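Enquirer: What follows is each chain in one-letter form.
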Amino acid sequence: MRERRSNVLSESSAIKPQSEASAPRLLFESGSPGRSGFYWPAEREKGQTTIPGEFLREDIPGFPELGELEVLRHFTRLSHRNFAIESQFYPLGSCTMKYNPKVNEVVARLPGFAQIHPLAPIEILQGAMELLYDLERILIEISGMDCISLQPSAGAQGELTGLMLIRACLTEKGNPRKKIIVPDTAHGTNPASSTLCGYDVVQISSTARGVIDTATVAKVMAEDVAAIMITNPNTLGLFERDIEAIAAVVHQKGGLVYLDGANLNALMGVAKPGHMGVDVLHMNLHKTFSTPHGGGGPGAGPVAVKEGLSEYLPVPRIVKQNDKFELLENYPKSIGRVRSFFGNFGILVRAYTYIISLGREGLEESSRMALLNANYIRKKLEKGYQIAYGEPCMHECIFTDRLQHKYGVNTLDIAKRLLDYGFHPPTIYFPLVVSGALMIEPTETETPEMLDAFVEAMLAIAQEAKENPDVVKNAPHSTPVKRLDEARAARKPILRWDPGQGGAE
Amino acid sequence: MLRTIGIGSIEELYQHIPETLRNRAKIELPGGLTELAVRRRLAALASNNATATDWSFFLGGGIYHHFIPSAVDTVISRSEFATSYTPYQPEVSQGTLQALFEYQTLICQLTGMEISNAGVYDGASAAAEAVLMSRRIQPMSRRRVLMSRALHPHYRAVITTYLRNLDDMQLDEIPFDASGATDVTELTRKLDHQSMCVIVGYPNFFGIIENLAPIQTACAGKGAQLVIVTPEPLALGLLKPPGAWGADIAVGEGQSLGVPMTLGGPGFGFFASQKKFVRSLPGRLVGETVDTEGRRGFVLTLATREQHIRREKATSNICTSQTLCTLASTVFMSLLGKSGIRRLAEVNVSRAHDARDRLVSRPQLEACFSGAFFNEFVLRARNLESLLQRCAAARIVPGVPLGQWYPELDDCLLICVTEMNEREEIERLVGVIGDQTSV
Amino acid sequence: MEFPEGLKYSKEHEWVLVEGNTATIGITEFAQEELGDIVYVELPEVGEKVVKDDPFGAVESVKAVSDVYAPVGGTVLEVNDVLPDNPETINDDPYGDGWMIRVEMTDEEDLKDLMTAEEYAEYVEQQKEDEDEEEEEDEAEDEEEK
Numbered sequence: 000m001r002e003r004r005s006n007v008l009s010e011s012s013a014i015k016p017q018s019e020a021s022a023p024r025l026l027f028e029s030g031s032p033g034r035s036g037f038y039w040p041a042e043r044e045k046g047q048t049t050i051p052g053e054f055l056r057e058d059i060p061g062f063p064e065l066g067e068l069e070v071l072r073h074f075t076r077l078s079h080r081n082f083a084i085e086s087q088f089y090p091l092g093s094c095t096m097k098y099n100p101k102v103n104e105v106v107a108r109l110p111g112f113a114q115i116h117p118l119a120p121i122e123i124l125q126g127a128m129e130l131l132y133d134l135e136r137i138l139i140e141i142s143g144m145d146c147i148s149l150q151p152s153a154g155a156q157g158e159l160t161g162l163m164l165i166r167a168c169l170t171e172k173g174n175p176r177k178k179i180i181v182p183d184t185a186h187g188t189n190p191a192s193s194t195l196c197g198y199d200v201v202q203i204s205s206t207a208r209g210v211i212d213t214a215t216v217a218k219v220m221a222e223d224v225a226a227i228m229i230t231n232p233n234t235l236g237l238f239e240r241d242i243e244a245i246a247a248v249v250h251q252k253g254g255l256v257y258l259d260g261a262n263l264n265a266l267m268g269v270a271k272p273g274h275m276g277v278d279v280l281h282m283n284l285h286k287t288f289s290t291p292h293g294g295g296g297p298g299a300g301p302v303a304v305k306e307g308l309s310e311y312l313p314v315p316r317i318v319k320q321n322d323k324f325e326l327l328e329n330y331p332k333s334i335g336r337v338r339s340f341f342g343n344f345g346i347l348v349r350a351y352t353y354i355i356s357l358g359r360e361g362l363e364e365s366s367r368m369a370l371l372n373a374n375y376i377r378k379k380l381e382k383g384y385q386i387a388y389g390e391p392c393m394h395e396c397i398f399t400d401r402l403q404h405k406y407g408v409n410t411l412d413i414a415k416r417l418l419d420y421g422f423h424p425p426t427i428y429f430p431l432v433v434s435g436a437l438m439i440e441p442t443e444t445e446t447p448e449m450l451d452a453f454v455e456a457m458l459a460i461a462q463e464a465k466e467n468p469d470v471v472k473n474a475p476h477s478t479p480v481k482r483l484d485e486a487r488a489a490r491k492p493i494l495r496w497d498p499g500q501g502g503a504e
Numbered sequence: 000m001l002r003t004i005g006i007g008s009i010e011e012l013y014q015h016i017p018e019t020l021r022n023r024a025k026i027e028l029p030g031g032l033t034e035l036a037v038r039r040r041l042a043a044l045a046s047n048n049a050t051a052t053d054w055s056f057f058l059g060g061g062i063y064h065h066f067i068p069s070a071v072d073t074v075i076s077r078s079e080f081a082t083s084y085t086p087y088q089p090e091v092s093q094g095t096l097q098a099l100f101e102y103q104t105l106i107c108q109l110t111g112m113e114i115s116n117a118g119v120y121d122g123a124s125a126a127a128e129a130v131l132m133s134r135r136i137q138p139m140s141r142r143r144v145l146m147s148r149a150l151h152p153h154y155r156a157v158i159t160t161y162l163r164n165l166d167d168m169q170l171d172e173i174p175f176d177a178s179g180a181t182d183v184t185e186l187t188r189k190l191d192h193q194s195m196c197v198i199v200g201y202p203n204f205f206g207i208i209e210n211l212a213p214i215q216t217a218c219a220g221k222g223a224q225l226v227i228v229t230p231e232p233l234a235l236g237l238l239k240p241p242g243a244w245g246a247d248i249a250v251g252e253g254q255s256l257g258v259p260m261t262l263g264g265p266g267f268g269f270f271a272s273q274k275k276f277v278r279s280l281p282g283r284l285v286g287e288t289v290d291t292e293g294r295r296g297f298v299l300t301l302a303t304r305e306q307h308i309r310r311e312k313a314t315s316n317i318c319t320s321q322t323l324c325t326l327a328s329t330v331f332m333s334l335l336g337k338s339g340i341r342r343l344a345e346v347n348v349s350r351a352h353d354a355r356d357r358l359v360s361r362p363q364l365e366a367c368f369s370g371a372f373f374n375e376f377v378l379r380a381r382n383l384e385s386l387l388q389r390c391a392a393a394r395i396v397p398g399v400p401l402g403q404w405y406p407e408l409d410d411c412l413l414i415c416v417t418e419m420n421e422r423e424e425i426e427r428l429v430g431v432i433g434d435q436t437s438v
Numbered sequence: 000m001e002f003p004e005g006l007k008y009s010k011e012h013e014w015v016l017v018e019g020n021t022a023t024i025g026i027t028e029f030a031q032e033e034l035g036d037i038v039y040v041e042l043p044e045v046g047e048k049v050v051k052d053d054p055f056g057a058v059e060s061v062k063a064v065s066d067v068y069a070p071v072g073g074t075v076l077e078v079n080d081v082l083p084d085n086p087e088t089i090n091d092d093p094y095g096d097g098w099m100i101r102v103e104m105t106d107e108e109d110l111k112d113l114m115t116a117e118e119y120a121e122y123v124e125q126q127k128e129d130e131d132e133e134e135e136e137d138e139a140e141d142e143e144e145k
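Sequence lines, in order, name chains A, B and C. Everything in the first sequence is counted per numbering that gives the first Met the number 0, starting at 0 for the first residue and increasing by one. Everything in the second sequence is counted per numbering that gives the first Met the number 0, starting at 0 for the first residue and increasing by one. Everything in the third sequence is counted per numbering that gives the first Met the number 0, starting at 0 for the first residue and increasing by one.
So here's chain A without its partners, still in its complex pose:
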């Protein structure tokens, strides 16, 4: 039975209707031998006689043989099976799914950015260098730090880079130390990055109020701890108000403070990490600074530091001398490179464009609105769902499925049912300290009407959980595919198409 309670569903669903419900074929299951979407006449095959035969291959078995129209139809049909910010509300906590301005896309495609080669002489890349140099200054100002590297390709790589800087600094002082303190609310990348950097993780518990307190840190802080990694505001959407005191405790024993800047969207014009006792942080340009998520990247994770760590930053570094930009490699204490060339330049261009579009007031207003929207949702949803922490949140709020348990409905069911209402679900089951977490981050680019529509849908689901739990437990009902068998995918992984496999159902 597919009862729908709310008129929210009269909004056009983000997902195309059942007429396209049959699974589209794979690229390899269509086409015809000899077909191609690419035309280029053969040229005198000089090299083929020069390259010895033992280095040559036969044609690639199974490679697609499709015409251009076939290819376009294929991907257009696939796009209809995708949800995106421009389809509907996407309140994924900790992901900051704000609107991705189209001017960023137009600008990033200018030949002067897209058709430039990183190994060309720096004299003919002055425009690019100026953009990077300006972006560095801008991000330093926003974060309240002293120096920065734009090289890391994503937040996680930024974390690893930051930890490497810490390790380099402590090694120079005589002892890299062994451990990193990580709160239980941390994103999984924090402990993973620590391990990659050769450190063991010491986990500390947050208090009942959802924050970490100085006393807990003081208990574990020791001479073998290199650093603490803090997210502020944390993944519960709460400001870590003890952060300055915690930083003092860590510094006192010779450790350093790393800030995971994923939630920077809450802080612009409100508080600067550089004033909180933070030594190094990363920012996620694909979160706070609107670059598109792309289905999973590309992003960028610049790392900013206080002066004391600047000599360890990756090379090359851009310096300005007499109005000209130079690239310098001669920093003997640098940790070297964390990726090739300059980083994700195309993403840096987009972030730069966004920042200068908004300017000072625009950025500060973004954070204010992000907080307002999150708290509005928090207040309205308290009617139907159990809030994890009662106090005002910052840019995201967390609920649990506790009130729905007695009907046999859990967070996963609620998330799947939201799909039927045309919304992308919030982040679920994270952070781990909240059982059945539903983490909601609306961002500032949503209208009050949209927030109301989302709340209406959530409350309708809470009602359904009471009166008709099966419709929630068996959701989604209206998406192109229903719940997928993830256990099967993990037990007998099929990670590629093979000619022997069965085709589309």
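Hints were generated in silico from the structure; no laboratory data involved. This structure is a prediction, so every number in the text was calculated from the model and none was measured. Check each hint, because a few of them may be wrong.
In silico DSS-like pairs for lysine-lysine, Cα to Cα no more than 30 Å straight-line [as the list claims (entries may be wrong)]:
no., chain 1, residue 1, chain 2, residue 2
1, A, Lys323, A, Lys305
2, A, Lys465, C, Lys10
3, C, Lys127, A, Lys382
With chain A held as given, fit chains B and C onto it using these hints.
Expert: The following block gives chains B and C in isolation, referenced to the frame of chain A:
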């Protein structure tokens, strides 16, 4: 809205934040701009860069100027692909998930390997991750990495940076010989039962197509893994793939397959290996399954390897990757297809070989290495400085000077010729170089 | 829920079947139910030493990984080679075909810390009761609101 929350102003929402922080939080930046002003400002910056369209570039070195069919941008500009998030809710992400499954398949076919992940950041970090993966697979008695000096300098730098933080690792560099390929004699001499893996470029940084057979034999003889790195995967449209040479792990940079140069990023790193190593693979994996009604569908799978579940024991820390770029290359490979990718590779070979013949006929230039090559080669110049200056005046960048990474090659140039270099461009370069034996 | 009499149980929800000096070890029905569909099992090699209360392997479901702890110390004699290809055997028959490893015990004293079937049954009841209590509280709250 304020009334609903029960506050008088937004400021009340952060009254719990220490005043000392709030007082200093003002962002000192200029005010906002209209969209027109923004476009003009960025256009001005863009116009201050030399592009491959208004200059003649013969530049490779890990980033390649190739033709990108118009349809690629059409597809990746669709907001359903561009503005969606990582596909954690598979029911509404079948577009991205199926495209990634197709991408994984294409990479397997291209590299001749059994499995591929959904992409990592770039070729350099892919190479570093490959070494880390080998470390997970090989026993603790094997911790020596033998890295060819003919591997891309940035890749070597990143591997070095990643390994420095792990106490048990040892990194050795293997020199190259007169043919421009890894010195197999030296390699064989250094390989022992503490060797974890050997990592070589294919083609290598000098454009040379290395003969991997003796290298693979040497590795197998001592139980070391073979990691093959391909910064120019278009070459695999024509050349015997890493899988056929017996690679354990095959990685590289995918930019040349459908992604604009963009000053070297974003591109993506591709990462392939053999089925038996699947649980040690870093990065996202998309797998096929069925839904409750028996329809085929795709999901992220084997997620227990990853950071959001395994945390400190994860195979990697990677979260956001380079998905939109892998989508671009999926479209690119679909359009080119079986015959197109071979054709494009062949055109590169003929253009590059013709160009080299034309160039070495100039008295100031001579061949540096004797090995077979794909679309890049190294030439030695009598007076490199003067040559570069004359070219710059003619808006030509004839290649990448190698002295910055290889002091013994400071009179050498790495020259790349692709299908985007017209024959008359090559003639113009030859003309600028001139006939004189001096200067 | 089953609590076979002939076995001993640990607080981490492992069971032990003692035969002479050999201990066969697996995870309990309660454990496999909590985990859900098991997709992969990590087992030690034959000949490896396991240390009491240290993890000797792991069990993976789609969304979680759980370490499995050694209830007794010893040397691994046998591992269940059905599990790599058929991990769901643990879900289907946790006390029988779903056994994980067989060890030669180093110290019989280790057995003292383990629970009997009755004690374990109570222990599991207690865990469930705690969950139920929460739900009862919720229902009571609801009642009041009405």
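Enquirer: With the threshold set at 30 Å, check whether the alpha-carbon distance from Lys465/A to Lys10/C stays at or below it.
Expert: 36 Å, violated
Enquirer: Please verify whether Lys323/A and Lys305/A have alpha carbons no more than 30 Å apart.
Expert: Holds - the C-alpha atoms of Lys305/A and Lys323/A are around 25 Å apart, at most 30 Å.
Enquirer: Take the C-alpha atoms of Lys127/C and Lys382/A, compute the straight-line distance between them, and say whether it is at most 30 Å.
Expert: 28 Å, holds
The structure fails to meet hint 2 from the earlier list, while all remaining hints are met.
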